[in-house]
Amino acid sequence: MEHEAKGLFRRYRISTPRGSFFQDMNGIAPSLVNLKFPVMVKAQTTVGGRGKAGAIRTALHDQEALEACERILGMHVAGMKVHGVLVEEMIEASRELYLAIIIDQRTRCPLLLTGCAGGMDVENMPTHTMKRWVLDPLEPLSEDVLDQASNFLLRGDPGTKEVRSTIAAMWRLFRNMDCELVEINPLMITDSGKAIAADAKVAIDDDSLFRHAELLDRYGRDLTELEKMAKSKGFNLVELPGDIGVLANGAGLTMAALDTLQRYGGRGGTFLDLGGTDDPDRISEALGLLSYDMARGRIRSLLVCIFGGITRCDTVADAMMHTITDKNVKARTVVRLRGNNEEEAAKMLRLAKFNVHIDLDDACLQAVKVRT
Amino acid sequence: MKGRTLLTDHKVLVQGITGRQGSHHTAQMLDYGTKVVGGVTPGKGGVLVHGIPVFNDVQRAVERTGATASVLFVPAVNLKQAVVEGIEAGLEAMVIITERTPIHDAMHILALARRNNVDILGPNCPGLCLVGESKVGIMPNRIFRKGDLAVISRSGTLTYEVVQALSSAGLGQSVVLGLGGDRLLGTDMREAVEAVLEKGPSGVVMIGEIGGQMEEEASLLIKELGAENIFAYVAGVSAPPARRMGHAGAIVSRGSGGAWDKIKALEGSGVAVGRSLGDLVTLISKRFG
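The listed protein sequences derive, respectively, from chains A and S. Following the numbering used here, the numbering of the first sequence begins with 142 at its first residue and continues without gaps. Following the numbering used here, the numbering of the second sequence begins with 0 at its first residue and continues without gaps.
Just so you know, not all the hints are guaranteed correct.
Claimed, not checked - In silico DMTMM-like links for lysine to aspartate or glutamate, alpha-carbon gap of 25 Å or less:
{"id": "1", "chain 1": "S", "residue 1": "LYS263", "chain 2": "A", "residue 2": "GLU264"}
{"id": "2", "chain 1": "S", "residue 1": "LYS1", "chain 2": "A", "residue 2": "ASP277"}
{"id": "3", "chain 1": "A", "residue 1": "LYS372", "chain 2": "A", "residue 2": "GLU321"}
{"id": "4", "chain 1": "S", "residue 1": "LYS222", "chain 2": "A", "residue 2": "ASP245"}
{"id": "5", "chain 1": "A", "residue 1": "LYS272", "chain 2": "S", "residue 2": "GLU215"}
{"id": "6", "chain 1": "A", "residue 1": "LYS488", "chain 2": "A", "residue 2": "ASP500"}
{"id": "7", "chain 1": "A", "residue 1": "LYS374", "chain 2": "A", "residue 2": "ASP347"}
{"id": "8", "chain 1": "A", "residue 1": "LYS272", "chain 2": "A", "residue 2": "ASP347"}
{"id": "9", "chain 1": "S", "residue 1": "LYS285", "chain 2": "A", "residue 2": "ASP503"}
Honestly, the hints are just simulated from the structure, not real lab data.
Generate the whole structure from the sequences, applying the supplied hints.
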């Protein structure tokens, strides 16, 4: 969230407007005396689209600020509850710039993006106002790039030096904190040549969190109850709006199963990826999660799609027979197995009254049918 | 050319051979006929795993065995160090099975590999198979059938599915390459297509998924070369935006990386795109059956 990103910015000596973050109304009123009006009141969310949702407001005096805070604290943005408000001084600027460091898939390198026209969506910035540099991940940020970028943006005008040191600081933050993205949009350049980050975006790589224990509590705070349960068991689960629970091994196969359901008019309710494993114990655990989701009525049928490549399909079948014993759950479960011993596994499951298929299309069609 | 050394038969080291996965798949690879000549686990030098000698470091393993490639089952925390060691020891190709590699470590590893002309497959990949010759990685041994198709994929189990379906339909393969599910890959789709085409396959089967621009870039190459008999499937047409679907790389973000864009780009380059797995195999069967 913005206030956390700005906290990191201050640690790396990137200037931010004066202000404070509040989770609720407590403490806002007394803090306003320290601020110069007008102020900005900004919803703190983990998703974008705050501006369009009316979750960023300006206030000319105390009363207006308090009203804005109260209003924003009760809001949802893109379906997510607002986590708090950031109240800060509005910056008067003569120029607004765009700065970002991202990771480029094609070159597998960091990219420095700069724009002379900050403050709008990057997608809408005229291309001639933007310039990019591919950075070498094995080397320190070169002085040449810093010179070129700051001169491209301000051509030696007041603030050029400050922009240069802002970019250098962004690079340090990007490297030290394992960032996928560090973005300032806009970077305000004041008449006196100060560079101040009016907004801040920092995305830290989840896979690097073992190096940043202090950030662990930030991870997964927008997960649903089911997603949290899955995560605690080490499963990869994305809750989806449909009513068919999908359990498969491997991300690609899980997506393919969801796509196929859609072809037959069904909609997936979960993306539950076991990873590459077909370990019967893991399958049982995952089935437990989906049975729970079915018991509370969110999903109405279950599609289990396993490729038995490492162990054998009959061991998977055995695990299913031991986990799904309830008649109603079984009636709404469709199994699709491929791999070693698929015929034998299908025979076992059929004997135990399971709805079994070898073909993915057949299985998806059935999963749509057995919902009621 | 990038990716070429991956497609040759190597003497292979298993980095992380004493772990559960490393040891299991060493046995599988030996069973397939892969020339596994050594293993590396720091501190475990001197022991044998399935009769294969284990060394403390890659340098020594290379000196003693003449290995030219490695496959890595090393935990993400130690991956960067393990790859750096392999590059410094002069390996030509490395296959990274490890999942959840920090992206900054991936950038470092891949840049260092490029600088030293080392070909990398992965991270987070199932490896590759030169069918009937050798297999490096974790793909199941029994799915393959010797033939002339090349299969290139960003997914693991989806590859197994397709390969098995092709094999049952009598459509054999010469090479199967699992590129990996991460955002940054040592060998991307475009590079893989270019490398396998050099081997003169009867056709190329690409299995893509949402996220990034890899399929679009491969399409451009296919158009440029006027390559024929290219088939594809793209997973994730039903995926919601901004959610990461299992793979670190599988995410539609800021309106980019959607499945339909990829399908359109591929079709625009003359690639036959199967709308489902079944369709894909039918398309290929019709052309070659």
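Hint check results:
{"no.": "1", "hint": "S:LYS263 with A:GLU264", "in the structure": "holds, 22 Å"}
{"no.": "2", "hint": "S:LYS1 with A:ASP277", "in the structure": "holds, 19 Å"}
{"no.": "3", "hint": "A:LYS372 with A:GLU321", "in the structure": "holds, 22 Å"}
{"no.": "4", "hint": "S:LYS222 with A:ASP245", "in the structure": "holds, 23 Å"}
{"no.": "5", "hint": "A:LYS272 with S:GLU215", "in the structure": "holds, 23 Å"}
{"no.": "6", "hint": "A:LYS488 with A:ASP500", "in the structure": "holds, 15 Å"}
{"no.": "7", "hint": "A:LYS374 with A:ASP347", "in the structure": "holds, 17 Å"}
{"no.": "8", "hint": "A:LYS272 with A:ASP347", "in the structure": "violated, 29 Å"}
{"no.": "9", "hint": "S:LYS285 with A:ASP503", "in the structure": "holds, 21 Å"}
Taken one by one, the earlier hints fail for this structure only at number 8.
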